[in-house]
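**Q** If you want the building blocks of each chain, they are given just below.
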Amino acid sequence: MQRRDFFKTLGTAAVVGATLPVMGMAAEEKKKGPNEFSYNQAVSAITGGKTAEKSDKVHLKVPEIAENGAVVPVTVEVDSPMTAHDYVEEIHILDTKNSNSRCVDAFFTPANGKAFLSTRIKLGGTQDVVALVKLNNGTYLIATQNVKVTIGGCG
Amino acid sequence: MEERTSLIKIKPKNYSDGEIVKVDFMVMHPMETGMRKDKKTGEIVPAQYINNVKFNYNGKLISSMKVWESVSVNPVFTIAMKVAGQGKLTVTFTDSTGESSENSIMIQPKG
Amino acid sequence: MKTLVKIALSAALIASLSNAGEQFAMSDADRAMYAEMLESNPADMNIAHGGELLEKNCGGSAGLAKFLHVSQKDLPNYIAGFPRYLKDFNMVVGIDQVLQAAMHENGKKPFTLQSKDMFEMSAYVKSLANDVPINIDINANQQMKDAYALGEKTFNTNRGKRGLSCLSCHSTDVIGSVLRTQPLPALGANGNASVGTWPAYRMTKSSMSTLQHRMQGCMQNALLEVIPLGSPEMVGMEVYLGHQAKGAKMAIPGLKR
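Residue numbers (numbering that gives the first Met the number 0), protein chains in the order written: chain P, 0 to 154; chain B, 0 to 110; chain E, 0 to 256.
Isolated chain P (complex conformation) (with noise of 0.2 Å):
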């Protein structure tokens, strides 16, 4: 077949076969999920009841405004020199109103050179989110900062 006959039949078929993407933002259900943790049940949980200390030296970043819930950036990042002796052994991020408050428990050793971690996470919406953290001498240092979910928009 030369190529301008075999073109042929692509561009019909491409018509007929061409699939229309669903738009789909239907709200979802408000639904019992795999895992229930209020965010104080998550922060017990991890601590023991111990008390975390507000500290400037774990620098959690997320957007003021998410562009989208589904899809939310942070970065978490500690000071700390990371030697046998001294290292950040734990980094969580945890959401003050998801189902599940939990979303990431981060191990690290002295290997890692940085304490530093970084995902996405599914907001429901406006809430806060926090890095509770791990120093290896027992110390649970926290952070927090707001994230406003905007309503999706599907343009």
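These are computed hints drawn from the structure, not numbers from a lab.
Among the hints, a few may not be true.
[Unchecked claim] Result set (BS3-like, lysine-lysine): computed pairs, CA atoms no more than 25 Å apart in a straight line: (1) K87/B <-> K113/P; (2) K147/P <-> K49/P; (3) K248/E <-> K72/E; (4) K56/P <-> K87/B; (5) K109/B <-> K8/B; (6) K59/B <-> K38/B; (7) K147/P <-> K255/E; (8) K255/E <-> K12/B; (9) K53/B <-> K113/P; (10) K144/E <-> K160/E; (11) K60/P <-> K109/B.
With chain P held as given, fit chains B and E onto it using these hints.
**A** The following block gives chains B and E in isolation, referenced to the frame of chain P:
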């Protein structure tokens, strides 16, 4: 069953021994919360989400993560890592249905 | 007449804006954070898979270069000029259509234009031209001139229940306006670089999409009849928008809300 597509990326691309680099791990995964209704059938889609990720560098566990359903679809996790010579970085992951998989790359410092 | 049309269009747009609720403007810090996400783009996985598909189905970039009668060295520059008029086909075609023909010639069953495999393979091929400026040449021949004209017309023609055109939302008149929190990109405007960022990962869809597929999304949302992928109108619009973006560097995959 087909392996899940996943990718490990070291940033920057070129790095030297002793340098602290970023490691991206991403995987094509639906991260179903168990709360979403299928638009066509109207049925609740059962929960299925990545629940564990482990980073092994030259056979040594450097980082691990417990992951919950609030993490976004097709998740991306980034951590830091201190380059300590040539070696293999392996990321293993499991999901809440028991599915498990792994991916690895060679760490090759330049100078 | 012209103002009348404009007023009618604004009314239609205001209708879209009516249920917008609070309008938020994004801060520069937020924008920077979203820009940073580009470096860890889930579509990198699609691109990697697309590379494997090209290897398997078209003999990799060497096979593709041969099929297109260009040297491998010139391939990136050549790719940055698509859609092109190709004598072999006697029509203006997109890269995806070229790949269909290349698969056919290699004795493989071509992926359909709307398949995920084709999205991935064509995205990989386009990414070979990353950092190369878009160099679509609408004066190369009559066919390209015609494709450009058809694209421009398609972009500017009011259609559908609400009498909207692409231009209604994507013109410099309304740029800076916000539709349900989304700034409207001035696509038809000279210098708009967004064409070079497609295929892109769409976070609202959790998947990678191509430019033509994204355009179909707008047609659906704005109640315009959906134009098929690979049709002369679609390819024409890609030529039209690509020409406006001429000189902008290819940066694939993009990352969109």
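**Q** All hints are to be evaluated individually against the structure, with a verdict given for each.
**A** Against the structure, the hints:
Annotation: proposed proximity of K87/B to K113/P holds, straight-line Cα distance about 20 Å (limit 25 Å). With a C-alpha separation of about 29 Å, the suggested pairing of K147/P with K49/P is violated against the 25 Å cut-off. Distance hint between K248/E and K72/E is fulfilled; the C-alpha atoms sit about 18 Å from each other, no more than 25 Å. Annotation: proposed proximity of K56/P to K87/B is violated, straight-line Cα distance about 32 Å (limit 25 Å).
For the given pair, K109/B sits about 16 Å from K8/B by alpha-carbon distance, which is consistent with the 25 Å threshold. Of the pairs offered as hints, the one joining K59/B and K38/B is violated, with about 44 Å between alpha carbons and a cut-off of 25 Å exceeded. For the proposed pair K147/P and K255/E, the alpha carbon gap of about 19 Å is at most 25 Å, so the pair holds. A distance of roughly 24 Å separates the Cα atoms of K255/E and K12/B; the hinted pair therefore holds under the 25 Å criterion.
For the hint pairing K53/B with K113/P, the CA-to-CA distance comes to about 17 Å; that is within 25 Å, so the pair holds. With a C-alpha separation of about 30 Å, the suggested pair K144/E and K160/E falls outside the 25 Å cut-off, and the hint is violated. Of the pairs offered as hints, the one joining K60/P and K109/B is violated, with about 32 Å between alpha carbons and a cut-off of 25 Å exceeded.
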